[in-house]
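Engineer: Now for the letters of each chain:
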Amino acid sequence: MAENVKPRIRVPNNAKRGEVIEIKTLVSHPMESGQRKNAQGQTIPRKIINRMSVTYNGKPVFEAKLEPAISANPYISFFIKATESGELAFAWTDDDGSVYKATQQITVS
Amino acid sequence: MARYRKILVVASTILAAGLAACSEEKPTSTADSGDPLAQYRANPKYAEFMSGEKMSGYVFASPETQAMQDDDFENPGMLAVQDGEAEWNRVDGAAGKSCASCHGDAAQSMKGVAVTYPKFEPKRGKLASIEHRINICRTEHMQAPELKWESKPLLGLTAYVEYQSRGMPINVKIDGPAAPFFEKGKEFYETRRGQMDVSCAHCHVHNAGRNMGVENLSQGQSNGYPTYRLKWQSFGSLHRRFEGCNQEVRAATYPRGSDEYTNLELYVAWRGNGLKSEAPSVRR
Chain C
2 MAENVKPRIR VPNNAKRGEV IEIKTLVSHP MESGQRKNAQ GQTIPRKIIN RMSVTYNGKP
62 VFEAKLEPAI SANPYISFFI KATESGELAF AWTDDDGSVY KATQQITVS
Chain F
20 MARYRKILVV ASTILAAGLA ACSEEKPTST ADSGDPLAQY RANPKYAEFM SGEKMSGYVF
80 ASPETQAMQD DDFENPGMLA VQDGEAEWNR VDGAAGKSCA SCHGDAAQSM KGVAVTYPKF
140 EPKRGKLASI EHRINICRTE HMQAPELKWE SKPLLGLTAY VEYQSRGMPI NVKIDGPAAP
200 FFEKGKEFYE TRRGQMDVSC AHCHVHNAGR NMGVENLSQG QSNGYPTYRL KWQSFGSLHR
260 RFEGCNQEVR AATYPRGSDE YTNLELYVAW RGNGLKSEAP SVRR
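Chains C and F supply the protein sequences, listed in that same order. In terms of the numbering used here, the first sequence has 31 at position 30, counting the first letter as 1, and numbering is strictly consecutive. In terms of the numbering used here, the second sequence has 92 at position 73, counting the first letter as 1, and numbering is strictly consecutive.
In short, the hints are calculated from the structure, not lab data. Nothing here was measured: the structure is a model prediction, and the numbers come from that model. Take these hints with a grain of salt, some might be off.
[Stated by the list, open to error] Now the in silico label distances, taken between C-beta atoms and shown as ranges:
#: 1; chain 1: C; residue 1: K102; chain 2: F; residue 2: K192; range: 13 to 23 Å
#: 2; chain 1: F; residue 1: S277; chain 2: C; residue 2: G42; range: 44 to 54 Å
#: 3; chain 1: C; residue 1: R47; chain 2: F; residue 2: T272; range: 43 to 53 Å
#: 4; chain 1: C; residue 1: N58; chain 2: F; residue 2: N108; range: 34 to 44 Å
#: 5; chain 1: F; residue 1: E202; chain 2: C; residue 2: F80; range: 54 to 64 Å
#: 6; chain 1: F; residue 1: P141; chain 2: C; residue 2: E88; range: 54 to 64 Å
#: 7; chain 1: F; residue 1: H122; chain 2: C; residue 2: E88; range: 46 to 56 Å
For every residue, glycine included, the Cβ atom is placed at its ideal position computed from N, Cα and C.
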């Protein structure tokens, strides 16, 4: 588990039914690409977040496969249509198997 | 040093255009008339970023940069604050303590502290920045090794401590034991240096609001530091900026954390007394 990995999400608290809303996510993670070398000349091993999955009341609405080219503290934003009140659940998967999670309730009227 | 003064500098012709009349008095330029800062003064949205004649660097930033600073989610400096919070609570050193062990909740204990720095520190017999003070706490009370200037944990801790004073006016003291160091900082600010043979005052006092190349010169205030500087694409300290400024006029630089830069830091902070602390800010 990488140190001090904190996900943040920005989801509007309320939305109108059918409205397209922007979801912003940011996760603090060094995203070590596996290409860098340390002062002794040894390659620093790759350690990145390789997947981000978002579900809306249990249904998948967004999936991303992240590659080593993505730099530290990945910021990912996307749009979804607000259809029903409920929970948005975010999960980021690390190379080492750790999963970082965040959830947010949304009220749709 | 004397050698440099004898070299004809091509680049100085660019500076000369803007600063030709610069001596030790305010120059009279034929290139413009009126107050180059008037455009900012007139804008009501900048009222909270000003204090009398003083203007925060926020005022000189582009709207996109300002938006990045205004939103805690988008502000990359907030990641440093997050690092600092973790560091604050981390036990380190032989005494088995963390910052929190003595100082408890930073929101209480550190509120209003950062805006009084740098200040005279009796343990050093000279000024201390927040970074110096953190290292005194670490070595004396935590029995932990000093953190390196500009390292991730020290930048984080500095950002975290500064964050507790966000929105409060800068309020450094220049009297009492701090006075001789303030004078040294003032002398540094007003001394010509480098191949381009200019002082801090030439850009930031006599030409604030005018353009040097494409850059609109600011007043060089420090109320936003430490800052995420877009040019660096990383979060950094005020002393890192001083180093950059000195490099830009092709002057010798001083080490980050040196007496020269710490004394300068007090003078620059005094220039901004009354401005609201914006750390962590976003600058160009």
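Engineer: Now look at each hint and say whether the structure bears it out.
Structural biologist: We went through each hint and held it up to the structure:
no.	hint	verdict
1	K102/C / K192/F: 13 to 23 Å	violated (48 Å)
2	S277/F / G42/C: 44 to 54 Å	violated (31 Å)
3	R47/C / T272/F: 43 to 53 Å	violated (36 Å)
4	N58/C / N108/F: 34 to 44 Å	holds (35 Å)
5	E202/F / F80/C: 54 to 64 Å	holds (58 Å)
6	P141/F / E88/C: 54 to 64 Å	holds (55 Å)
7	H122/F / E88/C: 46 to 56 Å	violated (37 Å)
In terms of the numbered hints stated before, the structure departs from hints 1, 2, 3 and 7, listed from lowest to highest.
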